[in-house]
Amino acid sequence: MIKIKNLHKYFGELEVLKGINLEIEESEVVCLIGSSGSGKSTLLRCINFLETKTEGEIFIDGERVTKKEINRIRQKVGMVFQRFNLFPHMTVLQNVIEGPITVKKMPPKEAERIGLELLDKVNLSDKANEYPAMLSGGQQQRVAIARSLAMEPKVILFDEPTSALDPELVGEVLGVMKDLAKEGRTMVIVTHEMGFAREVADRIVFIHEGLIAEEGSPEEIFETPQHERLKSFLGQIIG
Amino acid sequence: MEFLKQLAASAAAFFSTVIEFAPKFLPGVQLTLELAFFSILFGMIIGLFVTMMKLSRFKFLRKCMNIYIAIIRGTPLLLQLYFIFYGLPSIGLMINSFPSAVIGLALHNGAYISEIFRGAIESIDYGQGEAARSLGMTKWQATRRVILPQAFKRSVPALGNQFIIAVKDSSLASVITITETMLLARQFGAATFNVFPIYFTAGVYYLIITMGLTKILARIELNLKINER
Ligand SMILES: Nc1ncnc2c1ncn2[C@@H]1O[C@H](COP(=O)(O)OP(=O)(O)O)[C@@H](O)[C@H]1O
Ligand SMILES: [Mg+2]
Numbered sequence: 431m432i433k434i435k436n437l438h439k440y441f442g443e444l445e446v447l448k449g450i451n452l453e454i455e456e457s458e459v460v461c462l463i464g465s466s467g468s469g470k471s472t473l474l475r476c477i478n479f480l481e482t483k484t485e486g487e488i489f490i491d492g493e494r495v496t497k498k499e500i501n502r503i504r505q506k507v508g509m510v511f512q513r514f515n516l517f518p519h520m521t522v523l524q525n526v527i528e529g530p531i532t533v534k535k536m537p538p539k540e541a542e543r544i545g546l547e548l549l550d551k552v553n554l555s556d557k558a559n560e561y562p563a564m565l566s567g568g569q570q571q572r573v574a575i576a577r578s579l580a581m582e583p584k585v586i587l588f589d590e591p592t593s594a595l596d597p598e599l600v601g602e603v604l605g606v607m608k609d610l611a612k613e614g615r616t617m618v619i620v621t622h623e624m625g626f627a628r629e630v631a632d633r634i635v636f637i638h639e640g641l642i643a644e645e646g647s648p649e650e651i652f653e654t655p656q657h658e659r660l661k662s663f664l665g666q667i668i669g
Numbered sequence: 010m011e012f013l014k015q016l017a018a019s020a021a022a023f024f025s026t027v028i029e030f031a032p033k034f035l036p037g038v039q040l041t042l043e044l045a046f047f048s049i050l051f052g053m054i055i056g057l058f059v060t061m062m063k064l065s066r067f068k069f070l071r072k073c074m075n076i077y078i079a080i081i082r083g084t085p086l087l088l089q090l091y092f093i094f095y096g097l098p099s100i101g102l103m104i105n106s107f108p109s110a111v112i113g114l115a116l117h118n119g120a121y122i123s124e125i126f127r128g129a130i131e132s133i134d135y136g137q138g139e140a141a142r143s144l145g146m147t148k149w150q151a152t153r154r155v156i157l158p159q160a161f162k163r164s165v166p167a168l169g170n171q172f173i174i175a176v177k178d179s180s181l182a183s184v185i186t187i188t189e190t191m192l193l194a195r196q197f198g199a200a201t202f203n204v205f206p207i208y209f210t211a212g213v214y215y216l217i218i219t220m221g222l223t224k225i226l227a228r229i230e231l232n233l234k235i236n237e238r
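Line order of the protein sequences matches chains A and B.
Quick note on our numbering: the first sequence kicks off at 431 and runs consecutively.
Quick note on our numbering: the second sequence kicks off at 10 and runs consecutively.
A hint or two may mislead.
In silico DSS-like pairs for lysine-lysine, Cα to Cα no more than 30 angstroms straight-line [claimed, not checked]:
hint, chain 1, residue 1, chain 2, residue 2
1, A, Lys497, A, Lys584
2, A, Lys584, B, Lys33
3, B, Lys148, A, Lys506
4, B, Lys63, A, Lys535
5, A, Lys435, B, Lys148
6, B, Lys148, A, Lys433
7, A, Lys584, A, Lys448
8, A, Lys498, B, Lys224
9, A, Lys661, A, Lys557
10, A, Lys497, B, Lys33
11, A, Lys497, B, Lys177
12, B, Lys33, B, Lys224
13, B, Lys224, A, Lys539
14, A, Lys534, A, Lys506
15, B, Lys224, A, Lys557
16, B, Lys177, A, Lys498
17, B, Lys148, A, Lys539
18, B, Lys224, A, Lys497
19, B, Lys177, B, Lys33
20, A, Lys557, A, Lys535
21, A, Lys448, A, Lys497
In silico negatives: residues of chain B with every beta carbon more than 12 angstroms from chain A [stated by the list, open to error]:
hint, residue
22, Phe51
23, Arg71
24, Gly101
25, Arg127
26, Tyr135
27, Leu144
28, Ala227
29, Glu230
30, Leu233
No wet-lab data here; the hints were simulated from the structure.
All values reported here derive from a predicted model rather than from experimental measurement.
Even glycine gets a Cβ: it sits at the ideal position worked out from N, Cα and C.
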């Protein structure tokens with residue numbers, strides 16, 4: 431589904447990604463872990479062309495991602511941000527149907543029907559006509575997930591989707607994400623929620639200083655970590 | 010006691026002059042309102058147009074708009090009006106005084122309004138554009154559907170300020186023979202040698218206009234705020 435070959439990314443002189451090779455299969459759930467500043471966000475953003483890669487190749491659904499094709503290919507890749515980034519001037523339902531209507535030119539009636547279904551799926555049908563400002567962080571993030579689902583993406587990228595949330599709101603968002611994983615959605619998730627990663631991930635990728643330092647099944651990563659950095663990282667985060 | 014009597018007498022004279030001249034100002038006030046209305050209307054159109062041009066991907070267009078803004082912001086409005094009304098005829102371009110004033114004031118307001126829009130657009134969180142783009146929107150779709158509606162809302166207070174400046178700046182049209190409020194005040198003052206009550210009256214008219222405008226703008230702002238946190 432996603433194939434990343436020798437991806438390098440520089441910000442000026444700073445080399446943030448130093449040759450990433452990663453393949454993600456259909457229906458696979460991959461969690462990216464690693465300390466702050468290791469390049470996890472940059473990797474996700476390169477997949478979605480929010481950052482332009484310096485070197486390397488990215489294939490999505492068999493297609494090479496190029497600047498010219500980006501708007502079309504982006505429809506296949508959903509993105510959920512740490513800070514939700516809902517559109518504050520639109521209601522919850524309008525947020526969800528904005529993509530289908532503007533990008534896919536779907537008739538509003540049909541988009542609304544799909545939008546309400548999706549809101550039901552994230553348990554927010556009763557908030558359809560509220561504005562995002564009226565919602566809690568957890569509710570906003572669930573709307574953001576529904577918004578990205580509305581484009582029927584082949585893969586969804588999550589960049590620390592629960593990091594901006596109060597602890598008591600984390601569960602509701604992770605719950606929705608677990609449901610998506612069970613449906614067989616392809617997901618790439620940057621997260622510090624190790625319990626969640628262990629439960630839903632098919633594979634865990636540890637990124638260290640712009641490189642994949644170690645990857646494996648949750649058992650391998652958590653039970654028998656090899657890399658010294660991974661051991662100390664897990665030690666810090668699990669405590 | 011003598012002093013108080015004198016004070017009462019001059020107050021009476023003051024108010025009788027005010028009452029005598031207040032209605033005589035009305036044609037000028039009407040011109041002030043017309044100048045303000047057209048210069049704001051066309052100023053908004055120019056401002057929006059310039060903003061669009063500055064968002065275009067053609068560097069040449071963006072450069073042109075920057076030059077326009079630099080000229081308007083970098084020279085006095087007085088000079089701009091003189092230039093249009095007295096300067097252009099020497100290259101064969103004759104424009105009547107009222108259209109000259111509207112063109113000058115609108116070009117002036119347009120530059121400032123486009124800067125207001127630019128500031129508002131730049132103040133919108135970067136994540137908004139990214140969220141829009143990640144849904145597959147083109148840059149133009151993201152701008153039109155997500156950035157501009159928010160930026161427009163955010164620019165309302167500064168626009169209101171600019172509208173009030175536009176009302177006051179319309180008084181400069183008096184230098185190109187338009188008998189709006191300010192020129193009338195000068196004429197009445199010269200005729201009666203009694204400038205104090207006359208300038209007072211003119212000031213009251215400006216205050217009524219700008220305070221009325223402030224009220225309307227406050228109401229618009231309130232309506233726009235309803236859904237914000
Ligand atoms: N737009 C940018 N310009 C310059 N440096 C950046 C930019 N974005 C990220 N970086 C740098 O790249 C490195 C990796 O950042 P990031 O991918 O956000 O890490 P992570 O998500 O793993 O915490 C950091 O050192 C960060 O300062
Ligand atoms: Mg990050």
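Going down the list of hints, with the structure as the test:
Of the supplied pair hints, the one linking Lys497 of chain A and Lys584 of chain A holds, its CA atoms being roughly 19 angstroms apart against a limit of 30 angstroms. Between the alpha carbons of Lys584 of chain A and Lys33 of chain B the distance comes to roughly 74 angstroms, so the proposed pair goes past 30 angstroms and is violated. Only pairs whose Cα atoms come within 30 angstroms are accepted, and Lys148 of chain B paired with Lys506 of chain A is accepted, the gap being roughly 17 angstroms. Simply put, Lys63 of chain B and Lys535 of chain A have alpha-carbon atoms about 28 angstroms apart, close enough for the 30 angstroms limit, and the pair holds.
Straight-line distance between C-alpha atoms of Lys435 of chain A and Lys148 of chain B comes to about 27 angstroms, which keeps the hinted pair within the 30 angstroms bound. With a C-alpha separation of about 26 angstroms, the suggested pairing of Lys148 of chain B with Lys433 of chain A holds against the 30 angstroms cut-off. A threshold of 30 angstroms between alpha carbons decides the hint, and for Lys584 of chain A with Lys448 of chain A the separation of about 27 angstroms falls inside it, so the pair holds. With a CA separation close to 49 angstroms, the supplied pair Lys498 of chain A and Lys224 of chain B exceeds the 30 angstroms bound.
Between Lys661 of chain A and Lys557 of chain A the alpha-carbon distance is near 43 angstroms, which puts this suggested pair outside the 30 angstroms criterion. For the suggested pair Lys497 of chain A and Lys33 of chain B, the alpha carbons sit about 67 angstroms apart, so the restraint of at most 30 angstroms is broken. For a cut-off of 30 angstroms, the pair hint linking Lys497 of chain A to Lys177 of chain B is broken: about 50 angstroms separates their Cα positions. Straight-line distance between C-alpha atoms of Lys33 of chain B and Lys224 of chain B comes to about 26 angstroms, which keeps the hinted pair within the 30 angstroms bound.
Taking the CA atoms of Lys224 of chain B and Lys539 of chain A, the gap is near 40 angstroms; set against the 30 angstroms cutoff, the hint is violated. Note on Lys534 of chain A and Lys506 of chain A: the hinted pairing holds, with a Cα-Cα distance of about 12 angstroms set against a maximum of 30 angstroms. The straight-line distance between the Cα atoms of Lys224 of chain B and Lys557 of chain A is roughly 34 angstroms, outside the 30 angstroms bound, and the hint therefore fails. Of the supplied pair hints, the one linking Lys177 of chain B and Lys498 of chain A is violated, its CA atoms being roughly 50 angstroms apart against a limit of 30 angstroms.
Straight-line distance between C-alpha atoms of Lys148 of chain B and Lys539 of chain A comes to about 25 angstroms, which keeps the hinted pair within the 30 angstroms bound. Note on Lys224 of chain B and Lys497 of chain A: the hinted pairing is violated, with a Cα-Cα distance of about 49 angstroms set against a maximum of 30 angstroms. With a C-alpha separation of about 20 angstroms, the suggested pairing of Lys177 of chain B with Lys33 of chain B holds against the 30 angstroms cut-off. A hinted pair counts as satisfied when its Cα atoms are at most 30 angstroms apart, and Lys557 of chain A with Lys535 of chain A qualifies at roughly 24 angstroms.
For the suggested pair Lys448 of chain A and Lys497 of chain A, the alpha carbons sit about 21 angstroms apart, so the restraint of at most 30 angstroms is met. No Cβ of chain A approaches the Cβ of Phe51 of chain B within 12 angstroms, the least distance being about 27 angstroms, so the stated non-interface status holds. With a cut of 12 angstroms on Cβ distances, Arg71 of chain B stays outside the contact zone with chain A, its closest approach being about 21 angstroms. Every Cβ of chain A is farther than 12 angstroms from the Cβ of Gly101 of chain B; the closest lies at roughly 49 angstroms, confirming the non-interface assignment.
For Arg127 of chain B, the shortest C-beta to C-beta distance to chain A comes to about 19 angstroms, beyond the 12 angstroms cut-off, and the non-interface label holds. Here Tyr135 of chain B does not stay apart from chain A, with its beta-carbon only about 9 angstroms from theirs, under the 12 angstroms limit. Chain A draws Leu144 of chain B into its interface by the beta-carbon criterion, the shortest separation being 4 angstroms against a cut-off of 12 angstroms. The non-interface label for Ala227 of chain B is consistent with chain A: the shortest C-beta to C-beta separation is roughly 20 angstroms, beyond 12 angstroms.
Residue placement check: Glu230 of chain B keeps its beta carbon more than 12 angstroms from all beta carbons of chain A (closest about 15 angstroms). Residue placement check: Leu233 of chain B does not keep its beta carbon more than 12 angstroms from all beta carbons of chain A (closest about 10 angstroms).
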